[in-house]
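What follows is each chain in one-letter form.
Protein chains: 4
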Amino acid sequence: MKRIGLLTSGGDCQALNAAMRGVVKSLSVSGEDVEIYGFLNGYKGLIYANFRMLTGADFSGILTKGGTILGSSRTPFKTIREPDENGLDKVEAMKHNYHKLRLDCLVILGGNGTHKTANLLREEGLNIVTLPKTIDNDLWGTDMTFGFQSAVDIATQAIDCIHTTAASHGRVFIVEVMGHKVGYLTLNAGMAGGADIILIPEIPYDINKVVLAINERHRRGSLFTILAVAEGAISKEDAALSKKELKEKMKSYPYPSVSYEIAEQITQKTGQDVWVTVPGHTQRGGSPCPYDRVFASRLGSEAGRLILDGEYGFMVGYKNREVVKVPLEDVAGKLKSVSPDASIVKEAKMLGICFGD
Amino acid sequence: MKRIGLLTSGGDCQALNAAMRGVVKSLSVSGEDVEIYGFLNGYKGLIYANFRMLTGADFSGILTKGGTILGSSRTPFKTIREPDENGLDKVEAMKHNYHKLRLDCLVILGGNGTHKTANLLREEGLNIVTLPKTIDNDLWGTDMTFGFQSAVDIATQAIDCIHTTAASHGRVFIVEVMGHKVGYLTLNAGMAGGADIILIPEIPYDINKVVLAINERHRRGSLFTILAVAEGAISKEDAALSKKELKEKMKSYPYPSVSYEIAEQITQKTGQDVWVTVPGHTQRGGSPCPYDRVFASRLGSEAGRLILDGEYGFMVGYKNREVVKVPLEDVAGKLKSVSPDASIVKEAKMLGICFGD
Amino acid sequence: MKRIGLLTSGGDCQALNAAMRGVVKSLSVSGEDVEIYGFLNGYKGLIYANFRMLTGADFSGILTKGGTILGSSRTPFKTIREPDENGLDKVEAMKHNYHKLRLDCLVILGGNGTHKTANLLREEGLNIVTLPKTIDNDLWGTDMTFGFQSAVDIATQAIDCIHTTAASHGRVFIVEVMGHKVGYLTLNAGMAGGADIILIPEIPYDINKVVLAINERHRRGSLFTILAVAEGAISKEDAALSKKELKEKMKSYPYPSVSYEIAEQITQKTGQDVWVTVPGHTQRGGSPCPYDRVFASRLGSEAGRLILDGEYGFMVGYKNREVVKVPLEDVAGKLKSVSPDASIVKEAKMLGICFGD
Amino acid sequence: MKRIGLLTSGGDCQALNAAMRGVVKSLSVSGEDVEIYGFLNGYKGLIYANFRMLTGADFSGILTKGGTILGSSRTPFKTIREPDENGLDKVEAMKHNYHKLRLDCLVILGGNGTHKTANLLREEGLNIVTLPKTIDNDLWGTDMTFGFQSAVDIATQAIDCIHTTAASHGRVFIVEVMGHKVGYLTLNAGMAGGADIILIPEIPYDINKVVLAINERHRRGSLFTILAVAEGAISKEDAALSKKELKEKMKSYPYPSVSYEIAEQITQKTGQDVWVTVPGHTQRGGSPCPYDRVFASRLGSEAGRLILDGEYGFMVGYKNREVVKVPLEDVAGKLKSVSPDASIVKEAKMLGICFGD
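Here the protein sequences come in this chain order: A, B, C and D. Position 87, counted from 1, in the first sequence is what our numbering calls 89; the numbers after and before it change by one each time, with no gaps. Position 143, counted from 1, in the second sequence is what our numbering calls 145; the numbers after and before it change by one each time, with no gaps. Position 230, counted from 1, in the third sequence is what our numbering calls 232; the numbers after and before it change by one each time, with no gaps. Position 275, counted from 1, in the fourth sequence is what our numbering calls 277; the numbers after and before it change by one each time, with no gaps.
For the record, the hints were derived by calculation from the structure and aren't laboratory data. Among the clues, some could well be false.
Claimed, not checked - Simulated crosslink set (DSSO-like; lysine-lysine; CA at most 30 Å straight-line): (1) Lys46/B to Lys211/B; (2) Lys336/B to Lys321/C; (3) Lys246/C to Lys321/C; (4) Lys348/C to Lys321/B; (5) Lys253/D to Lys253/C.
As the list claims (entries may be wrong) - Which chain B residues face chain C? A few, computed with CB under 7 Å, are given here: (6) Glu34; (7) Ile64; (8) Leu65; (9) Asn88; (10) Asp91; (11) Asn190; (12) Ala194; (13) Gln270; (14) Gln274; (15) Val296; (16) Ser299; (17) Arg300; (18) Asn322; (19) Lys327; (20) Val328; (21) Met352.
Unchecked claim - Here are some chain A residues the structure puts well away from chain D; computed CB gaps all over 12 Å: (22) Phe53; (23) Leu105; (24) Arg295.
We treat Cβ as the ideally placed atom computed from N, Cα and C, and that holds for glycine.
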């Protein structure tokens, strides 16, 4: 008999349910007797013993369902070692609940922050298997994370919609794409949507280069320009500041987000109105795309196999089209980001896409 | 031989191309010899004789294409009688170009503002036929405008995406829906997306009623709430102000749009974070939905018939599922809006949807 | 206290769940104490007392879900008065179970066949309210049925996909669209998808006219042609036969469906290959489109109101954009179909669409 | 100055236009002076000198457009060396036209058959660069082909639609998926759609195992079963036959396709009705999915680079997430197929999916 805990932590994304279904299906198909404890709302559920027992029926029909049937919440790693408002030691509480329920393993689905805590729990002696969930695709140790391709689809759809208006009105449009501190999502959605200019955190932009590209398009008869701007895009000037200087500067930052700053600068330098669209949280919601459903199911089934084999302390990742296991200590605390020299960036530049560098 | 001018004015929307294709197809199928002059970028094209001759090939394959192949621009009615920066009389210029090209009729696709100018040109003796284009569905004299259902689809998709995140995180989410000064789009997208609270301009809201509804949901165990808020939503207090008072008040309005104000008030009164999503211009772009393609094609073909029969001075509209002609003088300057007593509102309330009244 | 039975009968379609959610929400919002008995798999559930009690939770989150949470089955009206294999009188069994559960009303969602049985139960003294479900839109007494617009969307998508292949290869393609004996679905999907030829049961076709239209397109340089053919399309010859003669003829009918017959005839007369695509059951599945979600919710809420007011013996329908009640005896046994003289047909012809007549 | 020929051959698929746009954009961005000759309808255009010169405008706005702006046709490799009906030597004609137009390179987009001819032209001394186009993903030398993921999306959508009907009616449904002789498309769409049974050519099925799986589901309370069946699926018995024996057997084959045979066998052995849906050609049409747009654009830009560098005789492929060049002689005549021992198959089995083996 195996007793397995399950929790989803951090911002939700598509295919969390598909992945959990994969874990549970592979365990139950194996014939092993299994009890599943679902902790509600991320690590909070584990800390405060808020859980419910789950059966096969809970996982039926959820392959195509967005969000997470367990609920999620953010529990920042830097607060995980601090006691809560009632003085409770969170790490000890998690260990206590894990042992009290006599769990064989805890399966944790999450992104970067989540993995730091997961690794801490591993160091504390718990059996942990994790799954890489994030629309940002910024997890070290895996080529791909689930949620990413679904988010690309939604962001691309937004650019597609904007395209017809931009072309009809001869306007400059910015579509602000999620992705936290990395540019994978913006780069892919931008290329898929035919954006003329793509600005990502890994390649700080020079606003004059951006303006030049717009003017050049105008000169050649294209009266509209579409920019795909990552929410984490940063100018060369700001990228050159120290963390402290940047923090100081941001105190009086008057814009809701970076796209509005860029829009204003373009308007100042070209005299053209610039329209900003922010698809925002829609990018992490809705039914997972077929790619993510297959991908998350595959990772989930491998997590099941690791549990059956008693192989703990791994994130299930994806390398060269194969599902692999990656030691948690290698993953925790590292960030994957777009290399400015990556082939895909070079290819995008060959297509005439301006990165503002 | 018929010589027909064609122009699209105001914000673009889906199915403009489908409608123009309908006009041109019905003319050419009739066997009548026809020349089509497409004026570029709305009334500007007519004012400055910026046009090109169009053939059947221009209208091939555009049934499913968003935007407008003619381009569009806003030419506010209140400026139409003012001379341009070079002293040009715009109305006279339009008449001059119309007559110079010996047009038999001018087909104009547009919304409210566009129809005022169209009616003015009719009064000036030009033969005019118009088509009701707007995602707002606020044109008087027709049950439906094309673009509307496509925009409902996109706004609903946004709410669908937000739903999974709201449910997973137990959050309050506002999705701000377009619609200018009327609530059709928000009402329909809100109902389709299963919004719990719908705020529209025609039913000014009391923020305390909104908060009550959220708390009541919470009390009954629904930890998330979704609000569909029209961009033109207005509070009871603001609705009671005179136009002048409101204008004065708005001078120091610190929010990007009404949703952010509502979000802040909810946070103050409930202590809960509220997340705002603004799909914005995506709602007017992309391929028209099948409903709009059929609808716009039908209106377009009827416009063709009117031209062939020499019946001018009409908007082609839709009443009780039949395509009808409506005298332009009846349409111009009037607004259609959601009646607070409309059956659909009552039905929505019977479903438990809160309107904040 | 109200005790309400609920059942869905006949082929499933989109928005069945949305409609039931509407009924239950409006009842529970009213404050009335209500018990809901869901009969499983259509009339069978009522006949054999196969039901379960439903709570609000059963209706949460099903607005966007295709199919029916109650299951469905076909129970042909002509068999309803015959005893079952064990000699059970089905009508008496239904009455017995209705009374045994002390139901105040039975809400039945279905199409044409379902309404005949519903009316029979009304005649037998049961309190009945019905909702018009069918992708065919062939129910008398209502302008619209839910499922229809969702099916139009799916069939149109199929034509859209075929369009690119047809155009790339210069081929003749037939897309066979559902709709049983009427042409609403094919007519709307055909117009939305830009089909060149539309064949519907209400307008028997002459294959020579069809061939002429293809050749004429070819002559004018369009090397591909798309036909939207209703599954119930019929040739002039066959339409002229008596029912008996037709039945006799069909005995040796070698084709899977009418489209294959038409394809072969076109090939014989033009020498061109014709490709047939049959989207089939996909047309009745998947998440309901926003139009259907709003529409079904509105009808459902009105059904709730009728129950609260004790108004029984009605189908909730839709006339001139308003939800209305229609006496069941008026609905049962009648069919609504496309009039060959309907405006939409004339408009389609003005657009150059060939109906083969 | 570079003079480049361009042609698309074989069945069309999504992202052909995106790929050609990539080639042309990368050439024009490079600053090199380029002339593009587009041959119409595949190799036929090259054989009969049916071409037109293309400019940048031809490639504008086609990133999202399905099909191919050049048209396509099948020219089977086994006929390529035979003279045409007028005695024309096709290979010589192609060489003649290539040289007459003084082309520097011919860019060919196609699948397996196309690559054999492309390699032949290379052997005949022409400069060739190819791009891997097929929804089947069966091209040797590349992990992925464009069109594949778009087709997965459409096939999955079909399964999603069928799911709601299957579940509502407790039926067995077969969705027949394309893929020619290989199972990639069926495997991925089947996993994404949550199919219970997946039959692919690489894993011949035993109908008794299939029936067992259906019965087992039934026994555990799942009253419906969904099978994703590849159009090339084959039974163990048939797989054991020699090519000649199989050909003989197929002469009296009474079914439109393999799914109908499987359906009949299941009905015979279980007494249950089985419904077959064949999405058919819809799977290769419509707008490419974002994944394919990015992927095809990347390959296209690399093809441009090869041309600029004068590197000829390669297919541009994809290995371990990097765009690579693969010698044409290595590609021609080879087929890539799903290994029955592939990880993805094992993972699918761990999820409880039955392959009938």
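Status of the hints after comparison with the structure:
1. Lys46/B to Lys211/B: Violated, at about 47 Å.
2. Lys336/B to Lys321/C: Measuring from Cα to Cα gives roughly 26 Å; hence the hint holds.
3. Lys246/C to Lys321/C: violated (37 Å)
4. Lys348/C to Lys321/B: holds (17 Å)
5. Lys253/D to Lys253/C: Satisfied, since the Cα-Cα distance of roughly 24 Å is no more than 30 Å.
6. Glu34: Constraint on Glu34/B not satisfied, violated at 12 Å.
7. Ile64: Status violated, d = 10 Å.
8. Leu65: holds (5 Å)
9. Asn88: violated (42 Å)
10. Asp91: violated (38 Å)
11. Asn190: holds (5 Å)
12. Ala194: holds (4 Å)
13. Gln270: violated (28 Å)
14. Gln274: With a minimum Cβ separation of about 21 Å from chain C (threshold 7 Å), the hint on Gln274/B is violated.
15. Val296: Holds, because the Cβ-Cβ distance from Val296/B to chain C comes to roughly 5 Å (cut-off 7 Å).
16. Ser299: Result: holds, 6 Å to nearest chain C Cβ.
17. Arg300: Nearest chain C Cβ about 5 Å off; hint holds.
18. Asn322: holds (4 Å)
19. Lys327: violated (12 Å)
20. Val328: violated (16 Å)
21. Met352: holds (4 Å)
22. Phe53: holds (25 Å)
23. Leu105: holds (22 Å)
24. Arg295: violated (4 Å)
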